[in-house]
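Undergrad: Each chain is listed here by its residues.
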Amino acid sequence: MFDIVRKKSLNPTVTLMDIYAPAVAKKAEPGQFIILRTDCDGERIPLTVADFDREKGTVTIIFQIVGATTEKLNRLGEGDCLCDFVGPLGRATETEGKKKVAVVGGGVGCAIAYPVAKKFFEQGTEVHSIIGFRNRDLVILEDEFKAVSQKLCLMSDDGSCGEKGLVTDALKALIESGEKYDEVITIGPLIMMKFVSKLTKEYGIHTVASMNPVMIDGTGMCGGCRLSVGGEMKFACVDGPEFDAHLIDFDEAIARSSMYRPFERHAHEETCNLFAKADAVGKDGNN
Amino acid sequence: MANMSLKKNEMPTQAPDVRNKNFSEVALGYTEEQAIDEAKRCLNCKTKPCVGGCPVHINIPAFIEKVAAGEFEEAYKMIALSSSLPAVCGRVCPQETQCEQKCVRGIKGEPVAIGRLERYVADRHNALEAEEVSLPEKNGHKVAVIGSGPSGLACASDLAKLGYDVTVFEALHLAGGVLVYGIPEFRLPKAIVGKEIDGLKALGVKIETNTVIGKTFSIDELMEKMGFEAVFIGSGAGLPRFMNIKGENLKGVYSANEFLTRINLMKAYKDDGTTPVQRSKKTVVVGGGNVAMDAARCAKRLGADVTVVYRRTEKELPARAEEVEHAMEEGIRFMFLTNPLEILPTEDGWVKGVLCQKMKLSEPDASGRARPVPIEGSAELVEADSVIMSIGTSPNPLIKSTTTGLDTQKWGGIIADENGQTSKEGVFAGGDAVTGAATVILAMGAGKTAAAAIDEYIKNKNI
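Sequence lines, in order, name chains G and U. In this text, residue positions in the first sequence follow the working numbering: the first is 85, and each later residue adds one. In this text, residue positions in the second sequence follow the working numbering: the first is 61, and each later residue adds one.
No lab work stands behind these hints: they were computed from the structure. Since we're looking at a predicted model, the values are computed, not measured. Some clues are possibly wrong.
As the list claims (entries may be wrong) - In silico DMTMM-like pairs for lysine to aspartate or glutamate, Cα to Cα no more than 25 angstroms straight-line:
1) U:K261 x G:D168
2) G:K156 x U:E389
3) G:K111 x U:E284
4) U:K342 x U:E443
5) U:K470 x G:D323
6) G:K282 x U:D408
7) G:K278 x U:E407
8) G:K110 x U:E268
9) U:K330 x G:E348
10) U:K255 x G:D168
11) U:K327 x G:D335
12) U:K81 x U:E407
13) U:K330 x G:D125
With the hints as extra help, turn the sequences into a complete structure.
TA: In structure tokens:
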């Protein structure tokens, strides 16, 4: 069960995998996520459903290698299997009644933005996609986005591809040029979503942000993923992960997401060291 | 010859200052001599009030008589007629409000140590080589059980023994429910829970972990598309309650569920654990139930100076007496008649302390216990770098929101009659999902009752 059916490197730090999980594939909808463990002593981590194939029974995940578990995950290959894989969790994106939307993705957040853009596009909504990356080596899913957007703006921090600038620059330019969006959907680093939200609030455009707090169970039993939305406590795993961005306390979410940084950094280093050692032994051959 | 000692045989226990630094079991269990000696304290009295005190009516005097005679397997068989989790219940039942409260030996001295004897018998049985289990003949009917906690395990076990094809669906990656994520290793070794699960699998029960009913499948689907003729909902009460006071979202504030799940399920207490938990120096635990005691004792074992803040007095603490006693012995402080007002932050967003109010007791409230009322102007700051909210849990609304025709109380408990029958045909429920957070033995009892009712229901349907 939970075999890795396909693995593809999208850029040096982002990997795509198709996981065989027919029950999840049957039900998954854009906006939802899964929780997985690579091994039976492993950590539970949430990853958004990037795509799914109900016939083949596979779920696509796209992850950035940022810590111990994603490092371990990236070491697995086609034919290996995951210890645990549960979903689909969270609420699906609401796409009803929207005629024109802007989808704003940053970095690996674009992997999460893509299925949302696709769902809107396939139902006939006009989709303007703005995707931003630090530089051209990190660009992912450009062709895929092109296929599901009437307009695509590719932004890079250093100007090495697309236009130089932030996604908020592109969004502001579009709005100022007269584009009337029913909704803006933003997915990416918290700080990016905070500024997209600030921008759209000025224009009164309804905005949805996909939150990615630290999670443990993902089913609503621990409150670890809690955030303040409109002054109320919400759990990202059952009430979200998408919320009205103008109501989210982003500063609090940013603070909470840093709670285990030292542990995460240490665990990541340890894991990289272990793999480096194993690789060195492998290179030495049959000594 | 009856043992007329007024005191129970003492339970060998790890010393408090040793055990508050490790996660090994605190109570080490009676020796054979102690068990027989304690069993002889039972007078086999005519009225047997202990049986009525037991939520599942174990024939207590009968099993104790076997222990006194050294016939331990026979004793086990007596218990197993009414209970499916004796090794668990012997450890976690609040005997002081159940069987032992009624024991006539308790009038003049201490009651017979019924719980300790149940534990001894169960542990001794579990240490034997697992016997070849003769698989019951399958009757061709499928039942789904939602949740692998005590009520689900008990229901699945009884149904399997009646020949039903049972599948247990569990949301987490390990089976056991609160036995595995909630109750710590030092109170209930996970190997014991593992043995129960293995026993279930030996009976032919299928356990599907990583399956969230209400997300992966719905109950309607289970019955209409997947061939299950009846469903038992044993999904527990896992939704944590917060106080909704200022500062509750600061770094270092946990719900007890999160704290315990990191430690018990994800083994964050281990040095090489892959899931982190804050290594606090000063922890405040808010609450007075078993979960609060578990959280406090776990925090202590992680090296913190721990204070339990409770709004009523020691007398009103709902926790099991032995847990409170053990917690106090382990050096955990209690501040009674104290309630948090606000959690104060440090400059970088961690917990600095808890501003607490002193309380006094007044007229009883709806629960029958004296209502705590604040004493104006009595705020005091309790220093802490971590706060664990253990003020209760309620049923997760996921199943109600994804099942047609299932009635629940306003607070989320599924409405079920004394047989576990809900408002939806073929759907039964029991345990915390119905009553709200309660005990393992009540949940187990409900699972057994529902199994009998499901058997009745399916038989009648096919007449």
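Undergrad: It remains to establish, for every hint, whether it holds in the given structure.
TA: Hints, verified against the model:
1. U:K261 x G:D168: Distance ~19 angstroms between K261 of chain U and D168 of chain G Cα, so the pair holds.
2. G:K156 x U:E389: Judged against 25 angstroms, a Cα distance of about 42 angstroms means the pair is violated.
3. G:K111 x U:E284: Holds. K111 of chain G to E284 of chain U sits at ~16 angstroms (cutoff 25 angstroms).
4. U:K342 x U:E443: 7 angstroms, holds
5. U:K470 x G:D323: Cα-Cα ~19 angstroms, so holds.
6. G:K282 x U:D408: 23 angstroms, holds
7. G:K278 x U:E407: 22 angstroms, holds
8. G:K110 x U:E268: Holds, because 17 angstroms separates the two Cα atoms, which is no more than 25 angstroms.
9. U:K330 x G:E348: Given that 25 angstroms is the threshold and the Cα spacing comes to 15 angstroms, the pair holds.
10. U:K255 x G:D168: Given pair K255 of chain U, D168 of chain G holds - Cα atoms ~21 angstroms apart, limit 25 angstroms.
11. U:K327 x G:D335: Not OK: K327 of chain U and D335 of chain G at ~30 angstroms, beyond 25 angstroms, violated.
12. U:K81 x U:E407: Violated. K81 of chain U to E407 of chain U sits at ~31 angstroms, over the 25 angstroms cutoff.
13. U:K330 x G:D125: Since the Cα atoms of K330 of chain U and D125 of chain G sit roughly 11 angstroms apart, the hinted pair holds (cutoff 25 angstroms).
Against the hints set out earlier in the document, violations occur for numbers 2, 11, 12.
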